[in-house]
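**Student:** We have chain U; now place chain F onto it with these hints.
Listed here are the chains, written in short residue letters.
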Amino acid sequence: AQTVTQSQPEMSVQEAETVTLSCTYDTSESDYYLFWYKQPPSRQMILVIRQEAYKQQNATENRFSVNFQKAAKSFSLKISDSQLGDAAMYFCAYVRWEADKLIFGTGTRLQVFP
Amino acid sequence: DGGITQSPKYLFRKEGQNVTLSCEQNLNHDAMYWYRQDPGQGLRLIYYSQIVNDFQKGDIAEGYSVSREKKESFPLTVTSAQKNPTAFYLCASSTGLAGPGGELFFGEGSRLTVL
Chain U
1 AQTVTQSQPE MSVQEAETVT LSCTYDTSES DYYLFWYKQP PSRQMILVIR QEAYKQQNAT
61 ENRFSVNFQK AAKSFSLKIS DSQLGDAAMY FCAYVRWEAD KLIFGTGTRL QVFP
Chain F
1 DGGITQSPKY LFRKEGQNVT LSCEQNLNHD AMYWYRQDPG QGLRLIYYSQ IVNDFQKGDI
61 AEGYSVSREK KESFPLTVTS AQKNPTAFYL CASSTGLAGP GGELFFGEGS RLTVL
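Those protein sequence lines, which keep their order, are chains U and F.
Residues 1 to 114, numbered by the numbering used here, are exactly what the first sequence covers, in order.
Residues 1 to 115, numbered by the numbering used here, are exactly what the second sequence covers, in order.
With the rest of the complex left out, here is chain U (with noise of 0.2 Å):
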């Protein structure tokens, strides 16, 4: 069975820092999609960033990358710059190829300090 694993509960950055936060994941499957969602204090829930895994090139929205390591099954969430307005849940989150239900990891809680 797929699984998805967020060994961070929490993590902190300074304003204008650089934080990473840690996903990895565990399937057989050589085609799928891996997703990093923000969840803010208002609990709504937002995609920050998609990536394909027959894409070799990580994925970017402005400030936000991810570091996707295929071999590894391993897919960090960078966050340049961070802003107060980042501080949030994050969850990674993984399908398959045509499947109907993605796979949640349990979130990290990003917190940034002034």
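These aren't lab readings, by the way, just hints derived from the structure by calculation.
One or more of the hints may lead you astray.
A few chain F residues facing chain U, derived, Cβ under 10 Å [claimed, not checked]:
| # | residue |
| --- | --- |
| 1 | 4 |
| 2 | 16 |
| 3 | 92 |
| 4 | 103 |
Label-pair ranges, simulated between beta-carbon atoms [what the hints assert, rightly or not]:
| # | chain 1 | residue 1 | chain 2 | residue 2 | range |
| --- | --- | --- | --- | --- | --- |
| 5 | F | 44 | U | 47 | 17 to 27 Å |
| 6 | F | 38 | U | 81 | 31 to 41 Å |
| 7 | F | 115 | U | 97 | 42 to 52 Å |
| 8 | U | 3 | F | 12 | 26 to 36 Å |
| 9 | U | 14 | F | 115 | 35 to 45 Å |
| 10 | U | 20 | F | 88 | 23 to 33 Å |
| 11 | U | 5 | F | 81 | 27 to 37 Å |
Per the computed footprint, the stretches of chain U lying under chain F, defined by three or more beta-carbons under 8 Å from a beta-carbon of chain F, are [stated by the list, open to error]:
| # | stretch |
| --- | --- |
| 12 | 7 to 14 |
| 13 | 18 to 26 |
By construction, the Cβ of each residue, glycine as well, lies at the ideal position given by its N, Cα and C atoms.
**Tutor:** What follows is chain F alone, placed relative to chain U:
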């Protein structure tokens, strides 16, 4: 604006009562999902539906029931059989199978507290 609306935001229930959480979407999405969120456990899938009048159990379906009579609506009933119903419930929708991308769009959630 397109999106997902969950209601109520907060709900209190006495033990032994059934309660229904509403989820409506105007994104024209085929698939809808219900997740339960507990501290330290991430999101766990309760039920999901890929098409009207059809739905499947997720990982923790016991004590819950759903219906999908309309494409826009996917209500969740928390029955008295659910032993530990106090939690935060999230509804989500997507275009369907993960081939095109699999992104989920979420509502703002409903917090259920059993007194």
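**Student:** Does each hint fit the structure? Answer for all of them.
**Tutor:** Against the structure, the hints:
1. 4: holds (9 Å)
2. 16: With Cβ-Cβ at 27 Å, over 10 Å, it is violated.
3. 92: Holds: closest Cβ of chain U sits about 8 Å from residue 92 of chain F, inside 10 Å.
4. 103: holds (5 Å)
5. F:44 x U:47: 17 to 27 Å: Hint holds: Cβ distance 19 Å, inside 17 to 27 Å.
6. F:38 x U:81: 31 to 41 Å: holds (33 Å)
7. F:115 x U:97: 42 to 52 Å: With a Cβ separation near 44 Å, residue 115 of chain F and residue 97 of chain U satisfy 42 to 52 Å, so the hint holds.
8. U:3 x F:12: 26 to 36 Å: holds (34 Å)
9. U:14 x F:115: 35 to 45 Å: Given range 35 to 45 Å: holds, Cβ gap about 42 Å.
10. U:20 x F:88: 23 to 33 Å: holds (27 Å)
11. U:5 x F:81: 27 to 37 Å: The hinted range 27 to 37 Å holds for residue 5 of chain U and residue 81 of chain F, with Cβ atoms some 31 Å apart.
12. 7 to 14: Since 1 is below three, the answer is violated.
13. 18 to 26: violated (count 0)
Figure legend: structure checked against the earlier numbered hints; hints not met, in rising order: 2, 12 and 13.
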